[in-house]
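With chain A's structure known, arrange chain B on it following the hints.
Protein chains: 2
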Amino acid sequence: MKSFKTPKTKVQRLPSRGHYDEETIFRILDAGFLCHVAFEIDHQPYIIPTAYGRNQNTLFLHGSAKNRMLKHLKNGAPAAISITHLDGLVLARSTFNSSMNYRSVVILATGKEVTQKDEKIEALRLITEQIIPQRWEEARIPDDDELKATMVLSFQIDEASAKIRTGPPGDKASDYALDIWAGVLPLNIQYAEPVNDPKLRAGIAVPKSVLQAIQNGIT
Amino acid sequence: MKSFKTPKTKVQRLPSRGHYDEETIFRILDAGFLCHVAFEIDHQPYIIPTAYGRNQNTLFLHGSAKNRMLKHLKNGAPAAISITHLDGLVLARSTFNSSMNYRSVVILATGKEVTQKDEKIEALRLITEQIIPQRWEEARIPDDDELKATMVLSFQIDEASAKIRTGPPGDKASDYALDIWAGVLPLNIQYAEPVNDPKLRAGIAVPKSVLQAIQNGIT
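Respectively, the protein sequence lines represent chains A and B.
This note's numbering numbers the first residue of the first sequence as 1 and each following residue consecutively.
This note's numbering numbers the first residue of the second sequence as 1 and each following residue consecutively.
Isolated chain A (complex conformation) (with noise of 0.2 Å):
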């Protein structure tokens, strides 16, 4: 199986929470839609949350054509990708050995814009179906003008590492005799009820795309 450990994402601390085979990352990586890209610029580094598609080993990452983070990753300069789902909080009877279970996944890469018209169409649709499945089919999709306005960059994952940590937390031995209480606060992201847009037309249902996700919730 494919790893995408290298000497640079090779998980330094705890080292038994390192992941690097494909199943796992992609596991976590399809789980979410949303990645903190970091880059940096003259030695000062910069952070940006925003959404994410992925196709095999690509990651495919879109915004303005006028985004300054596109326009600099554009280019080729390196950046950190970072898909983190928390799922809870590990209360030790410490506050030392209190953590908390969660999946990331971090991915070093380069991007390289997508221009061809109908690759950029897919990464887009790919990017909308990261965020709710069956959209892309429900609404207009970009024409030409939008498509022009809007920069899609794509990043071959080769290095990249995952850390994930479940179970309840481990105390250190004396520690069992506290009357403390230990556990685990498991963290839950859902769907609430849709909110039509007030210029919502009548006889508009709420389509199968919100009700899916609704169900399906977050994972």
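No false leads were mixed into what you were given.
Pairs count within a copy or across copies, as identical chains cannot be separated in the list.
In silico SDA-like pairs for lysine to any residue, Cα to Cα no more than 25 Å straight-line: (1) Lys-74 - Phe-26; (2) Lys-8 - Ala-77; (3) Lys-8 - Ile-41; (4) Lys-74 - Gln-44; (5) Lys-66 - Ser-16; (6) Lys-172 - Asp-144; (7) Lys-112 - Arg-54; (8) Lys-71 - Glu-159; (9) Lys-208 - Thr-166; (10) Lys-172 - Pro-194; (11) Lys-117 - Ser-99; (12) Lys-71 - His-43; (13) Lys-208 - Pro-186; (14) Lys-74 - Val-11; (15) Lys-172 - Asp-118; (16) Lys-163 - Phe-26; (17) Lys-71 - Val-11; (18) Lys-8 - Asn-67; (19) Lys-71 - Asp-42; (20) Lys-163 - Arg-27; (21) Lys-74 - Lys-163; (22) Lys-199 - Leu-14; (23) Lys-66 - Thr-6; (24) Lys-8 - His-72; (25) Lys-172 - Val-206; (26) Lys-208 - Asn-188; (27) Lys-172 - Thr-50; (28) Lys-74 - Leu-34.
In short, the hints are calculated from the structure, not lab data.
Just chain B now, kept in the frame of chain A:
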């Protein structure tokens, strides 16, 4: 009122979504406890999710004394710290005008190690209380060995920006006639039922901190 706007933190795209005042920025910081920290080594950006605490205009991060990021940042290397709350999917009639509702802050700052014992304990208390209020009083707080094994960095917040989007989608005038649903799908983060540590001694009830966290939810 204090402004954190600087040339580097001025919001470039959609400037109307940018905010720089202390009140807005602190409110967004106080609504969460997880940030993403970006830093760079030899022009390679890195990014790591971690917990934070705040006291006035100082942000605290902590971790193992062996943590590579903290060791790098304690010497004054610049960091970018991002806190993002996703509030909902904004589903316009077109994919082009679809968006997200969110509250996010980016801080550009340099770290400084907190070495004085009382200050270090106070910073750790602030981080714990940021994650789950009242837990510090319930749990066993760090002893000298644990303090030694923990590194705490402080970041003075001088350069920062917030970006906020709220409300319904904004569609292109001609799109309002389309037979397509539009609206907002709000997103909620909630705690589920706490899971006792399998090694919990009999007779220890779920504590106040956990009950209150469940009741208050995450904003």
